[in-house]
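Protein chains in written order, with the UniProt record's numbering: chain A, 1 to 358; chain B, 1 to 358.
Note that these hints are calculated values from the structure, not bench results.
Just so it is clear, CB atoms sit at the ideal spot from N, CA and C, and this is done for glycine as well.
Careful: at least some of the hints might be erroneous.
Stated by the list, open to error - Simulated pairs of lysine to aspartate or glutamate, EDC-like, Cα-Cα distance not exceeding 16 Å: (1) B:Lys252 x B:Glu239; (2) A:Lys252 x B:Asp232; (3) B:Lys252 x B:Asp210; (4) A:Lys252 x A:Glu279; (5) B:Lys252 x A:Glu279; (6) B:Lys252 x A:Asp281; (7) A:Lys8 x A:Glu46; (8) B:Lys252 x A:Glu277; (9) B:Lys252 x B:Glu277; (10) B:Lys8 x B:Asp55; (11) A:Lys8 x A:Glu56; (12) A:Lys8 x A:Glu57; (13) B:Lys252 x A:Glu288; (14) A:Lys8 x A:Asp55; (15) A:Lys252 x A:Asp232; (16) B:Lys252 x B:Glu279; (17) A:Lys252 x B:Glu288; (18) A:Lys252 x B:Glu279; (19) B:Lys8 x B:Glu56; (20) A:Lys8 x A:Glu43; (21) A:Lys252 x B:Glu277; (22) B:Lys8 x B:Glu46; (23) A:Lys252 x A:Glu233; (24) B:Lys8 x B:Glu51.
Said to hold, decoys possible - Just some of the chain B residues that point at chain A, by a computed CB distance under 7 Å: (25) Ala254; (26) Val272; (27) Glu279; (28) Ile280; (29) Leu296.
There are 2 protein chains.
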Amino acid sequence: MDALAVRKGEHEPSVIDIPEPVPGEGEALVRTLRVGVDGTDREVLEGGHGEFPADEEYLVLGHEAVGVVEDPNGTEYEAGDVVVPTVRRPPNGENEYFERGEPDMAPEGEYHERGIVGAHGFMAEYFTSPAEYLVRIPDEQAPLGFLIEPISITEKALDHAYASRSAFEWNPESAAVLGNGSLGLLTLATFVHTHPFERTYCVGRRDRPDPTIEIIEGLGATYVDSRETPVDELSREHEGMDLVYEATGYAKHAFQTIDALAPNGVGALLGVPGPWEFEIDGGTLHEELVLHNKALVGSVNSHVGHFEGASDTLGSLPEEFLDSLVTGVHGLDDWEAAFADDDTTIKTAVEFAAYEER
Amino acid sequence: MDALAVRKGEHEPSVIDIPEPVPGEGEALVRTLRVGVDGTDREVLEGGHGEFPADEEYLVLGHEAVGVVEDPNGTEYEAGDVVVPTVRRPPNGENEYFERGEPDMAPEGEYHERGIVGAHGFMAEYFTSPAEYLVRIPDEQAPLGFLIEPISITEKALDHAYASRSAFEWNPESAAVLGNGSLGLLTLATFVHTHPFERTYCVGRRDRPDPTIEIIEGLGATYVDSRETPVDELSREHEGMDLVYEATGYAKHAFQTIDALAPNGVGALLGVPGPWEFEIDGGTLHEELVLHNKALVGSVNSHVGHFEGASDTLGSLPEEFLDSLVTGVHGLDDWEAAFADDDTTIKTAVEFAAYEER
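Next up, chain A with everything else stripped away, as it sits in the complex (with noise of 0.2 Å):
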């Protein structure tokens, strides 16, 4: 079959073609619909970030996936239901985080992630996945099935953030998104249409005309331009945020968060930057968390509750918004076009197989 994967030693996609992969128990084939592309395949494809899987001289990209059961082989599921495999596998047998089923929580060593870290991905005709790492979707979401995997990101950090501020009442009014990419967007315009905040924010650097701005506006938000508003001057200039969400992976930005946080706000940080040197008032943010009570919650990755939670939200944003993002969805023989970079780019996917309603 075909797959889509990045050798040793380069870093351009290539398509390969490898065996159909063959379920073990209680595992399932799935037909693979569509794999997005998002910023964390081009820290793979540039070397910067996962792992080629063992004794293997290639990685097949795509960790956000939606496809169609072909084989249930034994499992809960039946041929043609639409389905989303998680991430995260156990890298050798199980272990604590998986057996509890927050394999999110798992610290490096204890996890595999598809297409990312050691386990290959699911850029390729066909996949299996243990039936407990697959979750199951309305069939109508088969078409944007594959924006569940970054809304989960989202479902996850904003679980821990707001975790974070349930020992007191916290009434978050106002929220800013750090970064106008793919994730940016599918959380501010989860902010909109699932949270309760009254007036949203939306960070980028892009002068107009700007197909994200026309979507941050669109959605009701306010864009700042941080080359003229820096993070740190948001609550001067707009309002202290109860909630900032970085989707930037700009180092600064983790620190200034503090600052652009209202009392009592919690900030939650979402990129992997590399290591960066820079000098900060280290006293002045010190002692900004203590008297105002603020937070700074890490998060990576997601567990099935959070895909679940995913599928509830992507039901719930408007069609409008949803065309806005996904700019392209291209075959396997158009690659190319789902891995631009550009400014008219936002979110793509490769197509494998088209689906067809039961």
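Chain A is fixed; fit chain B onto it per the hints.
Here is chain B on its own, set in the frame of chain A:
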């Protein structure tokens, strides 16, 4: 009556004579027994923290008080009840934070703090307080009831830190306290006697022999000299900490805590440093927060529920520890000794009246 106060323009306490307070409606009159001295009192004296009451030339010191109800004045108390007052008061009528019993979550400008910000403290022979800001404690806690306010600070910080880990199954085993001042030692004792940690550490910068190191080791904890093992080396030299409690006010510790944490760990920040610019590897710290699901939670002050919890905690701390912690209780004629700040002084209090059992 006699009171211990700081006059405007001075940096040392003075014994002054002020009128005995008269309780208003809903207020009780309390005879002060003892008032603890801590680092905040020293900061108030130095002028780096706090604010004089409006139109006053002096501030009565002290926020860690225990007393006996002298005149209940129609409130729910009885004469002879042993009580501890909370610290924050609404500045101009009630506001939402006080209304819902969470004055500790009020931002700057929305509270006074008795003995610190804009309101007289408890270092006087009598004080009055609205009944709702008094917490009744067992009679036998009268001698050491001045420890309840500092313990309540820890109760609140841990309440918020644990909440931040409530979205997943968190089974903490290791905890480190940064700082071996009286708050650090009280917190360490709390960790040992009322928390599930299997291994505890306390970080200081003292040479042996030293009474605080004796207390740390007497509690069964490991003393770490930060001159040999900096906080960001804790996880390499000892182990990653599931919980770090920062009680040094040293701003670099707030950020080194991120390195000191185990995956999924939380740092509770308590210190209030001033501005201080320094360099950090912000990229690596940001990545570490995210990839290992870590959190930092700032916390200030506490509310009635935390004072009640603190009274329970005080009841479970061993007498031997408390005896070694409280190095001096001094009458008003010897107040200088209570404000001494040397290596043999750990926790002190000023006594305004002896407790007479009822």
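Evaluation of the provided hints:
no., hint, in the structure
1, B:Lys252 x B:Glu239, "violated (20 Å)"
2, A:Lys252 x B:Asp232, "violated (20 Å)"
3, B:Lys252 x B:Asp210, "violated (25 Å)"
4, A:Lys252 x A:Glu279, "holds (9 Å)"
5, B:Lys252 x A:Glu279, "holds (12 Å)"
6, B:Lys252 x A:Asp281, "holds (10 Å)"
7, A:Lys8 x A:Glu46, "holds (11 Å)"
8, B:Lys252 x A:Glu277, "holds (14 Å)"
9, B:Lys252 x B:Glu277, "holds (10 Å)"
10, B:Lys8 x B:Asp55, "holds (11 Å)"
11, A:Lys8 x A:Glu56, "holds (9 Å)"
12, A:Lys8 x A:Glu57, "holds (6 Å)"
13, B:Lys252 x A:Glu288, "holds (14 Å)"
14, A:Lys8 x A:Asp55, "holds (11 Å)"
15, A:Lys252 x A:Asp232, "holds (10 Å)"
16, B:Lys252 x B:Glu279, "holds (9 Å)"
17, A:Lys252 x B:Glu288, "holds (14 Å)"
18, A:Lys252 x B:Glu279, "holds (12 Å)"
19, B:Lys8 x B:Glu56, "holds (9 Å)"
20, A:Lys8 x A:Glu43, "holds (14 Å)"
21, A:Lys252 x B:Glu277, "holds (14 Å)"
22, B:Lys8 x B:Glu46, "holds (11 Å)"
23, A:Lys252 x A:Glu233, "holds (13 Å)"
24, B:Lys8 x B:Glu51, "holds (10 Å)"
25, Ala254, "holds (4 Å)"
26, Val272, "holds (5 Å)"
27, Glu279, "holds (5 Å)"
28, Ile280, "holds (6 Å)"
29, Leu296, "holds (5 Å)"
In summary, the numbered hints that this structure violates are 1, 2 and 3.
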